[in-house]
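2 protein chains.
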Amino acid sequence: MTESVGSLYGLGIGPGDPELITVKALRLLRSADIVAYPVADRNKEGFAYSIVKGYLTPEQTQVPLYFPFKLEQSSQPYYDLAAQTLAQYLEIGWNVAVLCEGDPFFYGTFMYIYERLSSQFPTEVVPGISSIMASAAALGVPLTYRNDVYLVLSAILPASVLKAKLAVADAAVIIKLGRHFSKVVEVLQELGLYERAKYIENATTSEQRIIAIADVNIQEVPYFSMIIIPSQWQGSNIDEI
Amino acid sequence: MTESVGSLYGLGIGPGDPELITVKALRLLRSADIVAYPVADRNKEGFAYSIVKGYLTPEQTQVPLYFPFKLEQSSQPYYDLAAQTLAQYLEIGWNVAVLCEGDPFFYGTFMYIYERLSSQFPTEVVPGISSIMASAAALGVPLTYRNDVYLVLSAILPASVLKAKLAVADAAVIIKLGRHFSKVVEVLQELGLYERAKYIENATTSEQRIIAIADVNIQEVPYFSMIIIPSQWQGSNIDEI
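Residue numbers (our numbering), protein chains in the order written: chain A, 1170 to 1410; chain B, 1170 to 1410.
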């Protein structure tokens, strides 16, 4: 008689609104024995956990994974430990769901777990709604028409790099603004993109704010904020082939 | 006594697997009086409709919207007619859900309805899982790490344009391959990206196929196919700040 191992699920749980989880991720979440999620601070429950906690049952075991995300130290030892922690549950046959804000394979932390465990255990990744798509919907701005070139950039990149990369795009999104907000705004002004750009923070959460870029307080720009530069084309001027 | 108008919902219903609809889109879909969806051919029921038909009830009225998508003619008159058709239902207070494969604001057809009706009727857009995220999950390839520059391109662009744009990206996706497959493969070879690239067609549908690029029959590449060039960085070599 052989014991079978458990399955690992990387579940995209979306941008913040608990209803923006997929039916599939919700089914797998509810059937998991172990629900694991990142935490960065003992005083916070973790954003991913906060999104889905209403769906969990008392029978499910919750396993916080500590990922400190500090600039001055590598995160890799923390991923090693998280993988070892989850592997012990998988080996005895428990199914493990790892919660991932947005989409697991799009700027997510699950990728580091995936590369450590997916060759050893049956693994399934369930895509999720990224905060970018949710932000475009909340702003009411169509992102890309037809054959637009679409670009996503992190605000951490130097101004010269942002400028060079943005030049190739018809539509672009600049994520992780935080303390890089002013630099990004200067780049947009230099490129003539300022008028077209839209700002949003904490999309679909109770803290969602949509404000004019000119009204943003640069001291208070959160990490989960972005600027969307929608397509330069107008839908009604072009055809949809 | 005033009659109130209905609400318009642009529902992202995901890439093909009916379970990849969000809980929110499913709720709004089930509560809609009118369910409208694109059809391009009298002999086909329409891809969007095929995804959600199992969720519909006999009480809901189905309204196909004919969008022929022919190169030799403009699609705009068809969007005009579709908007007029839906407006008459909204005016008498019916809620209208328009089905959108993938995400409504990401290379979708709903944007043309949105720009015609959203100023006249209460309108909500519900983001959906794009076929790109679903394809990355199915392929098991993390797309973007950390501060990667991410690019989406349509295969219809000329080879020289594809080459120039791809040069700025750390990770890229080339969509709508179809008859442009060979051109794209040549570009990948010239840029040294061929080994890293992965091919998938009809992700998450019953026709999903994952094959080596070298084994693709260039006569049979569907429109709903893509090549993903995942991040050039390896997760375990870098840190996640």
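FYI, nobody ran anything at the bench for these hints, they're computed from the structure.
Take these hints with a grain of salt, some might be off.
Identical chains share a label here; the pair holds if one copy fits it or two copies do between them.
Claimed, not checked - Subject to a maximum C-alpha distance of 25 Å in a straight line, what follows is the list of computed PhoX-like cross-link-like pairs (lysine-lysine): (1) LYS1352 to LYS1332; (2) LYS1352 to LYS1222; (3) LYS1352 to LYS1334; (4) LYS1334 to LYS1222; (5) LYS1222 to LYS1367; (6) LYS1332 to LYS1367; (7) LYS1332 to LYS1222.
Model, not experiment: these values are computed from the prediction.
- Task: At 25 Å max between alpha carbons, let me know whether LYS1332 reaches LYS1222 within a copy, between copies, both or neither.
- Result: neither (41 Å within a copy, 45 Å between copies)
- Message: One pair to classify: LYS1332 and LYS1367, alpha carbons no more than 25 Å apart. Within, between, both, or neither?
- Response: Result: close within a single copy only, 17 Å intra versus 29 Å inter.
- Within, between, both or neither, where LYS1334 and LYS1222 count as close if Cα-Cα is 25 Å or less: neither (39 Å within a copy, 42 Å between copies)
- Query: Between LYS1352 and LYS1334, at a C-alpha cutoff of 25 Å, which is it: within one copy, between copies, both, or neither?
  - Reply: both (15 Å within a copy, 24 Å between copies)
- Message: Regarding LYS1222 and LYS1367, is the shortest C-alpha distance of 25 Å or less found within a copy, between copies, in both, or in neither?
- Response: neither (31 Å within a copy, 36 Å between copies)
- Task: First find the shortest C-alpha distance between LYS1352 and LYS1222 inside one copy, then the shortest across copies, and answer within, between, both or neither for a cut-off of 25 Å.
- Result: neither (37 Å within a copy, 48 Å between copies)
- Query: Under a CA distance limit of 25 Å, which applies to LYS1352 and LYS1332: within one copy, between copies, both, or neither?
  - Reply: Answer is within; shortest intra-copy Cα gap is 11 Å, inter-copy 29 Å.
Taken one by one, the earlier hints fail for this structure at numbers 2, 4, 5 and 7, listed in ascending order.
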